[in-house]
Amino acid sequence: MDSNVIAQHRILKHGSLIYYAGSAIFASGIALFAVGTAFIMMQKIHYGSEPEKIFLSSIFIGVGATMILTGMNMMMRQTRYGYHLIGAGTFASLFALLVFTYNYPQKWYYPLINYVLALYVVGLLVLVGNAFANVVLWMIEGKPDTVMRREVQRIYTDEEIERDIEDATRKSIELSASELIFKEPYAKDVKYGKIFHEKRGTTTRIKDNLDEVTSLVKTVNPGERIKSGSAEIEGASKNLLDILRVGSVKKSKSREIKDKIVDTMERFYSLITVKRGG
Amino acid sequence: MAKGIDIGTMNIICSEKEDGDIVFTQERNAFLELESSDLTKTMMDSAQVLYIERDNVVYVLGEDAFKFATIFGKTARRPMKSGIISPNEKDAIPTIKLILERVLGEPRYRNEVLCISSPADPIDTNMNALYHKKMMEALARKMNYKTHVIDEGLGVVYSELSEYNFTGLGISIGAGLTNVTLAYLATPVMSFSIGRGGDWIDEQVSITTGLSREYVCSEKERGFKIGLEVEYGSAYGALSIYYDALMTYIIKNINRKLSEITPPKVEFPVALAGGSSLPEGFLEMFERKLREAKLQINISNIKRAKDPMYSVSKGCLIAARAQEGEEIGHEEVTEEIV
Ligand SMILES: Nc1ncnc2c1ncn2[C@@H]1O[C@H](COP(=O)(O)OP(=O)(O)O)[C@@H](O)[C@H]1O
Ligand SMILES: [Mg+2]
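Taken in order, these protein sequences are the chains called A and B. Under our numbering, residues 1 to 278 are what the first sequence spells out, in order. Under our numbering, residues 1 to 338 are what the second sequence spells out, in order.
A couple of the hints might just be wrong.
Below are the EDC-like pairs computed for lysine to aspartate or glutamate, each with C-alpha atoms no more than 20 Å apart in a straight line [as the list claims (entries may be wrong)]:
id : chain 1 : residue 1 : chain 2 : residue 2
1  : A       : K191      : B       : E106
2  : A       : K199      : B       : E53
3  : B       : K225      : B       : E214
4  : A       : K194      : B       : E63
If you're looking for bench data, these hints aren't it; they were derived computationally from the structure.
Next up, chain A with everything else stripped away, as it sits in the complex (with noise of 0.2 Å):
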């Protein structure tokens, strides 16, 4: 098999992993959930009920919630820092949680009530959001097809991994090249012609002062050219260089980046004119 099947297999595997584990935690968190509520249904919970009973049915409600939405999350289909929000958001529920368990209900007063409280709702917020942005995002596509194929699918697709992997190629080439040692087996057994050391070849010699590298080095640091009150053109410019230096850009690619370079141009432009030529 060759590496690039391999690697997909891999990334099959993987996705398919998340997906049932995701499964695995939606469904449980529906369980917690169910069974807390049908706790303060058959207890009767009210405001005045026992701390324990309350503890106990707020643990398995917030406990629920938070699990019913990580595991959708993780059923679904990322974009990049998906799988970082959703560990985030998580976390911050489950961490509220866990404050609200050391310090119920001897503890639990104002202002730490609005600081648990709040770090819970943020983290399920996000957990919300996230899954909000990734099904819409879905729509956009109009794909609305079975989660984990897609999400496979979609997050490498054949062009990025041979992206990749040209990249980590190119990489490796630049990193070994650059430390080339010549050992030159025949260097010692080279004898040279009697001209090859005494002219370096045939010249040829033009008047020119050479004005042009003052003229780029000026070119390349603007910063130089306008020296008071430049810091917003010093910065428009590098922008621009910074956008431009990226190369010969994708067509695809060039349409996200096309808005900030006519943004950047057109204040770079109102700041400086280009000499043109007749």
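With chain A fixed as given, assemble chain B with the ligands onto it according to the hints.
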């Protein structure tokens, strides 16, 4: 002081500044193997031929390789093909190294800045310029130069388009390759090469006319004028036709690459350089075809380099001196602070 070097398929050209002049030192990128005997060596020494000897084989280097090739009825070998180290020449690297050593000479001080031109990756052949680039850098570094590499097309921009703030399209049409760089304020926006140049013309004309490649090449270089009025049987008609085909091919590819990027909306001047841009009528024909092609960018004016053969090398020298100047500048600044 700094130096620049253009390592081309046909010519290796070093440039440096001396008083008010730029001095270009050049050598053909070619070699020829001959059997060694005392007689040949004595003969070559007295005729001032450039050669080295290794394992009882004499290698004639540079321009002389061509002369001897004709005398001995052989063909001179070339260490580079299509702009990069020839994959089929095992002697390529040692030979280039020798020619480089000679043309460059020793650095005048340790870590003198040397800017090397390199082809950009070609879009029409499956080859990678990276290895070549790194190899050339390694060779020069071994000679104690501080190396720095720029694309050939950018070299043309540096040497020909300074009055336009180094904004424009630099095109170098050499022997093995045509290199193109679109620069904006000295920064390359797009850079690529095309696997056709003077060699391609020689080859095509040789195939269609049955004349030998060497003959076609020498006819081409002997002041031929692009045009369609020709005598029967001469190579000129075929040369003009293939020059036309080459230009069409270059312009088509430029347009194709331009459609993949979003270039700044300014007018871009165009500078043509390289040995293959030398024939009379080249500029006019290229300009006409370029204007007809309706490129994705606005072209202001088109010019040919003052010295097309030396343009890339001079661009490298400019880059090298700019870099060296900057380094010195920074050093001064730090000294002031201290
Ligand atoms: N006067 C001329 N007319 C047409 N072509 C020429 C002339 N002089 C040189 N050439 C061609 O230019 C090419 C070499 O140009 P050069 O820029 O040195 O190439 P490279 O950089 O690839 O070594 C060769 O193909 C050569 O035949
Ligand atoms: Mg060249």
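We went through each hint and held it up to the structure:
Restraint check for A/K191 and B/E106: satisfied, since their Cα atoms lie roughly 18 Å apart, inside the 20 Å limit. At most 20 Å may separate the alpha-carbon atoms for a hinted pair to count; A/K199 and B/E53 meet this at roughly 18 Å. Our distance criterion of 20 Å between C-alpha atoms is met by B/K225 and B/E214, whose separation comes to about 18 Å. For the suggested pair A/K194 and B/E63, the alpha carbons sit about 16 Å apart, so the restraint of at most 20 Å is met.
Violation of the numbered hints given earlier is absent; every hint is satisfied by the structure.
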